[in-house]
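A.B. asks: The chain contents come next:
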Amino acid sequence: MKAPKFEYAKPRSLEAAIRLLTDAGDGAKLIAGGQSLGPILNFRLAQPELLVDVRALPELAVVRDEGDAVFLGACTTHAAIEDGRMPDPTRGLLREVARTIAYRAVRNRGTLGGSIAHADPAADWMNVMALLDAEIVAHGPQGERKFRASAFVRGPLTTALAADEIITGVRIKRLSGRARWGYYKVNRKPGEFAEAIGAFVHDPERGVARALIGAIGDAPHVVADARPFVTGFDLAAAEAALDAAGLPASGYERQVHLVALKRAVAQSARASA
Amino acid sequence: MSTTLSLTVNGAPSAAQVEPRTNLADFLRDELMLTGTNVGCEHGVCGACTVLIDGVPARSCITLAIACDGADVRTIEGLDDDPVAALLREAFADEHALQCGYCTPGMLVTARDIVTRLPEADEPRVREELAGNLCRCTGYVGIVRAIMRVLGERRGAR
Numbered sequence: 000m001k002a003p004k005f006e007y008a009k010p011r012s013l014e015a016a017i018r019l020l021t022d023a024g025d026g027a028k029l030i031a032g033g034q035s036l037g038p039i040l041n042f043r044l045a046q047p048e049l050l051v052d053v054r055a056l057p058e059l060a061v062v063r064d065e066g067d068a069v070f071l072g073a074c075t076t077h078a079a080i081e082d083g084r085m086p087d088p089t090r091g092l093l094r095e096v097a098r099t100i101a102y103r104a105v106r107n108r109g110t111l112g113g114s115i116a117h118a119d120p121a122a123d124w125m126n127v128m129a130l131l132d133a134e135i136v137a138h139g140p141q142g143e144r145k146f147r148a149s150a151f152v153r154g155p156l157t158t159a160l161a162a163d164e165i166i167t168g169v170r171i172k173r174l175s176g177r178a179r180w181g182y183y184k185v186n187r188k189p190g191e192f193a194e195a196i197g198a199f200v201h202d203p204e205r206g207v208a209r210a211l212i213g214a215i216g217d218a219p220h221v222v223a224d225a226r227p228f229v230t231g232f233d234l235a236a237a238e239a240a241l242d243a244a245g246l247p248a249s250g251y252e253r254q255v256h257l258v259a260l261k262r263a264v265a266q267s268a269r270a271s272a
Numbered sequence: 000m001s002t003t004l005s006l007t008v009n010g011a012p013s014a015a016q017v018e019p020r021t022n023l024a025d026f027l028r029d030e031l032m033l034t035g036t037n038v039g040c041e042h043g044v045c046g047a048c049t050v051l052i053d054g055v056p057a058r059s060c061i062t063l064a065i066a067c068d069g070a071d072v073r074t075i076e077g078l079d080d081d082p083v084a085a086l087l088r089e090a091f092a093d094e095h096a097l098q099c100g101y102c103t104p105g106m107l108v109t110a111r112d113i114v115t116r117l118p119e120a121d122e123p124r125v126r127e128e129l130a131g132n133l134c135r136c137t138g139y140v141g142i143v144r145a146i147m148r149v150l151g152e153r154r155g156a157r
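In order, the protein sequences belong to chains A and B. Quick note, the first sequence lines up with residues 0 to 272 if you use numbering that gives the first Met the number 0. Quick note, the second sequence lines up with residues 0 to 157 if you use numbering that gives the first Met the number 0.
Next comes chain A alone, as it looks inside the complex (with noise of 0.2 angstroms):
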């Protein structure tokens, strides 16, 4: 199908952005590389009245090495991290993770911050950003707000942005050199959306141990302290997480959940990059 009628600016300021947003009330939705909303329009799943393209806003543009932490502006492509192009504080996680979201025709378009926007449960950022703990910077009229990633997303397709506010970027810690990380997905075919996502990271030297359930049509689910996996998977641990995330207690989604987490899991135990 063809998107519906929509009007179409492109802000050269986060000021004039934001001000476009806060004057269209609902009405508005933002756009970067356009590889959701592009499909959402065509599908007339949105009708918006007015789409503010956030690609000409300098802040967004951003890419900072803070020492212990890097801000990845929202703007960031999934290609530029594919090709190590950024800044990658996570031991190699990013960049792998970059290599496999959708196919490079859309990772040259699509972006870091659209994504966690958009916040598709089986996407990988918010489900990486979660796991690493990293914050999400976003601007509105009154001006920064900081989240935990874990607590940014609220379900599908919903964060606790608000319809006047923009992400700005992403502030992710830097791993330690002992940090093994490990993050494996189930999909059908290479660049679809996953059916399952399991992921682990453990850096001693900064005393964590997280693990993430993910694409469970639902925010994801964080295991803050996962040091029952630091040893190797384990079983019983593995369960309770799968509970937790309320996942049903048998049958193909528990399975391929659990088999997601243990791969991950796994993965970890292999030397990192």
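Think of the hints as simulated: they come from the structure by calculation, not from any bench. Since the model is a prediction, treat every value here as computed from it, not as a measurement. Where is the CB? At the ideal position from N, CA and C, for every residue including glycine. Check before you lean on any hint, since a few could be wrong.
Stated by the list, open to error - Take a look, some chain B residues computed to stay more than 12 angstroms from chain A by CB distance: (1) THR7; (2) ASP80; (3) LEU86.
Claimed, not checked - From the structure, some residues in chain B lie toward chain A, with a derived Cβ separation under 10 angstroms: (4) ASN22; (5) ASP25; (6) CYS40; (7) GLY46; (8) ILE52; (9) VAL55; (10) ILE61; (11) ASP71; (12) VAL108; (13) ILE113; (14) GLU122; (15) GLU127; (16) GLU128; (17) GLY131; (18) THR137.
Got chain A; can you put chain B on it based on the hints?
C.D. replies: Relative to the frame of chain A, chain B by itself:
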């Protein structure tokens, strides 16, 4: 309300009035009569509409034309004199990498990206990279073989 769009298509400057809702594929096909770009699924999955925007592959069905203001767009018609595309066209013909031809413009744009960006790609990687371009008649055997052949030729020529 239509808006003025200025961009470069296949090396030539182009300006037109477009509605914001017009996607790049429809603009290329209906306004510029560049019908080599095919429209398949219209939601970014099939890859038939893949073109180059500022030198890199992109889905023209989910890219608004107006979002390409100032961009350099290259379609399959604009790859006539491209040396890599020439090698690929020959290999696609020899290896029976097309039958109905509907996916072929997008396949060639993606194939060109694979051989230029990933010169060391092996067959599993080529298949992975082709996941975003659907072919529903020829099958992928000939397509993969054609791309592997061009990769090999280019490695041999170094």
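A.B. asks: Are the hints correct? Go through all of them and say.
C.D. replies: Hints and how they fare:
1. THR7: Holds, because the least Cβ-Cβ distance between B:THR7 and chain A comes to about 18 angstroms, which exceeds 12 angstroms.
2. ASP80: Fine: 22 angstroms to the nearest Cβ keeps B:ASP80 off the interface.
3. LEU86: holds (20 angstroms)
4. ASN22: holds (7 angstroms)
5. ASP25: holds (7 angstroms)
6. CYS40: holds (9 angstroms)
7. GLY46: For B:GLY46, the interface hint holds, since the closest Cβ of chain A sits about 7 angstroms away, which is under 10 angstroms.
8. ILE52: holds (8 angstroms)
9. VAL55: At about 4 angstroms, which falls below the 10 angstroms cut-off, the nearest Cβ of chain A leaves the hint on B:VAL55 intact, so it holds.
10. ILE61: holds (3 angstroms)
11. ASP71: At 14 angstroms from the nearest chain A Cβ, B:ASP71 fails the 10 angstroms test, so the hint is violated.
12. VAL108: holds (8 angstroms)
13. ILE113: holds (8 angstroms)
14. GLU122: Violated, because the Cβ-Cβ distance from B:GLU122 to chain A comes to roughly 14 angstroms (cut-off 10 angstroms).
15. GLU127: Where the cut-off is 10 angstroms and the nearest Cβ of chain A is about 5 angstroms from B:GLU127, the hint holds.
16. GLU128: holds (6 angstroms)
17. GLY131: This interface hint holds because 3 angstroms falls under the 10 angstroms limit.
18. THR137: violated (18 angstroms)
Hints 11, 14 and 18, counting from the list given before, are not met by this structure.
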